[in-house]
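If you read the protein sequences in the order shown, they are chains E and W.
The opening residue of the first sequence carries number 2 in the working numbering; numbering runs sequentially from there.
The opening residue of the second sequence carries number 31 in the working numbering; numbering runs sequentially from there.
Warning: the hint list may mix true and false statements.
[What the hints assert, rightly or not] Calculated Cβ distances over 12 Å to all of chain E for the following chain W residues:
#1 Ala94
#2 Glu105
#3 Asp144
#4 Gly146
#5 Arg347
[Claimed, not checked] Stretch-level coverage of chain W by chain E, calculated; a stretch enters the list once three of its residues show a Cβ under 8 Å from a Cβ in chain E:
#6 51-61
#7 65-74
#8 219-225
Derived by calculation from the structure, the hints in this document are not laboratory data.
Being a predicted model, the structure only gives us computed values, none of them experimental.
Cβ coordinates follow ideal geometry from the N, Cα and C atoms, glycine included.
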Amino acid sequence: MSLIAQDAPGKTILLMGNEAIARGALEAGVKVCAAYPGNPSSEIIGSLSSAAEAMDLHVEWSVNEKVAMEVVAAASFAGLRSLCSMKQNGINVAADFLLNLNLTGTQGGLVFVVADDPGGISSTNEEDSRIFAKIGNLPLLEPATFQEAKDMTLWAFSLSEDLGLPVMIRSVTRVSHARGNVRLGALPRPITKARFDINRPRLAFPPFPNHKALLQKMDRAKALFEGSPYNLYRGAEKPELLVITGGSGWMYSLEAVMNLGVQDRVGLLKLGTTWPLPETLVLKHLKQAETVLFIEEVDPFLENNVKEFFAQHCMNLGLKRFYGKASGTVPSAGEISPEIVCSALQSLLRVAYKPRPEDYATRAREAAAELVPARALGFCAGCPHRATYWAVKKALALDGRQGFVLGDIGCYGLGMGPSGFFQMKTIHAMGSGAGLAAGFGQLGRFGLTQPVLAVCGDSTFYHAAMPALVNARYNSANFILLLLDNSATAMTGFQPHPGTGRTATGKEAPVLDLKGICESLGAKVEVTDPFDQRATTEAMLKFLQDEEGVKVLILKRECALVRSRKQKKLYHVEVDPERCLGEACGCNRLCTRVFKCPGLYWDRATGKSRIDEAICTGCGVCAEICPASAIRKEVA
Amino acid sequence: MNRGLKGLESKVLDRGQCAACGACLSLCPYLRSFKGRAVKLHDCDLSEGRCFSYCPRTEVDLEALHRSVFGKGYEDIEAGPVRRVVMARALGPALTKRAQNGGVVSALIAFGLDEGVIHAAVLTERDSELLPQGRIAKTKEDVLRCAGSSYVAGYTLEALNRGPWQGQERIGVVGLPCQVLALARMKASPLEKRTPVDRVDLVVGLFCTWALDYRPFAGFLKERFGDKPIRKLDITPPPERLLNVTAGDEFHQIPLDDIRAFIRPSCQVCLDMTSELSDLSVGTVEGEEGWNTVIVRTEKGEDLMRLAEAKGVLETRAYPEDKWAHLKEASILKKQRGLNALKDAQEKYVTLPQKVIDAVLKEVAP
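Turn these sequences into a full structure, and let the hints steer you where they fit.
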């Protein structure tokens, strides 16, 4: 039974923010849900897929965010309620469609959730997605609590239908990934019939009248937001300091104000409908305070937009002191915390505040270390990517022309660090390695003699690398694409993709064969198993010597975590201490010092390498690289 | 001062001073040869390693090495220790066709294997792309496959390190002066060996004035002759200064000056033309096609020569005095060139007593 599909109105349960959002969609009678996985948004579609059968939904992992947005827009055009979700990078991909969809408007409620990753904890970038609501003239909601996450989502659908516009919900990591109590509402089971009204075409063209109509819709949104219960004020009528906040900033601000005991001096204006801003409400509170502090994550979105109001109305508002990111009172990058809000309040109110001791972080880490084993940021034991980069390192060294690998985001992005032997030299957006390679692959005529390689994962290939490959083939670029086919969207939680033969709801799907696709594009294609180091290195060397056109080397080996869930170890691996050369000349700890699979460890006492039985997944690659044949593998 | 891979990198590999002898290869997973280059695959942080210890371009104490091989220091400054020098040629017809000059090396090794003087020989074979590689020869057919020279240095000693070996074989090695030098260093190294170098029982050295770097030379030949297989390369003796190339069915002559740019930089600091640290040294005879010069240096070398002569494997002739003087002159000139080059070099690899250096430099060619 799906956690979020409980038919228990009034019951309070513990939900992750993303589950609360998904529950809100179910309570709104959502029918079609689509997304490309990306942290911290992935659990929204993940949990909806588990409710799909019970609630009769179409839930899919789409190949990318733009397609996901198009899939849910179709449902909306046909009168159904639909939801799509993405991380902050995702909206960049979806934006092209979104910034036309705003002009054509929607029918059935369409809600899209963008979960931002302040600090870029699991992202290549730190980005505030809210700017897209402003660019696109779209209503924006920011839940501050878990209950709000559910309730706002539910409301967003009727708001969308009311305005005829897609509604954006912006979450952040600490809303999406934390858990809190949520009181459930009723679960409707609407009987809906999809139908596209051919008398009402959805044409963005001509833009001018559509743009005008959009602005009128937003004027209505502004009026609706003035009275929204998601905007609230707490504090004295004329506070010494007005804090304007929203989203995760609300709880941090509450906590800080309580910690400092400055409830009487600080007024908290919490905004839940953050675009368009409820102007009247904001101006009312702005008038009452001389000093204003903004608390929000990533960009100064509220800060700048409130300052716009001030510029417009300053004659009526009097002089103000604004504090926030522009003043440097609050950091402009990285996550916000109650600690940061405390320091800001303390400096503005000059209250005695004992900041946490300087060694707090160190002590916290030490305390955590007793509970959690230390783990470097790197590939898992038995990860095929480590084997791939090992072969890349060897092949590029042997080739000797300073070849380099262009990468993108995915587990294999760790190729930029020690566990990928620092082989990956660029990381940007999905598929950008292949795209950059299509460019580098043209530079031979300008004297570039270095071999050009790109890596992309199987899921990334469908997402954004295919157009780059088509482009490269059409324009005769010269490079090698290393297609790391681990049969999973591993980094975001093993979601299925078109190569896996499964849909988001676990149904069988046709496998879109990577080799066949690449061959049909006219690329030279080879497939090797990265665990077979010899064959893989040789295939790379062969391609390195072929200076014509697009070469694709598919490195096929299932993700070690996926494999370990369904079958036992491939090999039982053991180190023969008699043969292990250890630190002696001839080895010098190749396996534990250079290859560094976490399944191996260096036993200081004996001066020999050993297998960590609990961690080793039995891939057997270390047995291949051991120069003394001291590591033995036997079929398990 | 690091005497491991780091030292080897900074002193030799990064400076283009690798002689391509192969002594550092197949000892560990950190170094590999690929298309005529020694390539570092990973960093090694050992302060002392065999790669550095064996290399003929790191720290070479010639005085001590001569002592370890011949029981006396670097005394015979003209062309190393000499018991006798003869002209020789192989008597079997099969050898002379493919081999260089008189085919003496191939004949001697094949004979040594036949007679059980050695059980295996580490030789150099060149593949269809001319890439030279160390090979272990155990039969006459194996030896024939390795006959002839491509004037390209090629990691011969890698085969000695790599094996496979049974564990008891007596081994012969045929090598260039740098390889013979490396072999002496391998034997003399105080580090734990784990290679069969102590079973190397016969060292046949080749004469060499320089060797070519594989990649640029192969590129040059490809540009000149396309995909035609290079069947034989031969340098004509002075004063012609030509490289004879048999490409497919065609015969071409290339002025040596055209290929000089491909000479390995490490050859410029080499002090040894005649492979002095060997049992026997073999080379051409100026002005005598079809014959080899053989310098017999040790008792072991002498025994093999005598046996080969007695069994009719080789035909020998007394060495003309004027040619011997010429050979020694060429050898001394090479030493002088090398010592002069080393004067200007940032990294010096040779240790020799100053009085020996002075003596070499003062030696006036007859």
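Hints violated by the structure (numbers, ascending): No numbers; nothing is violated.
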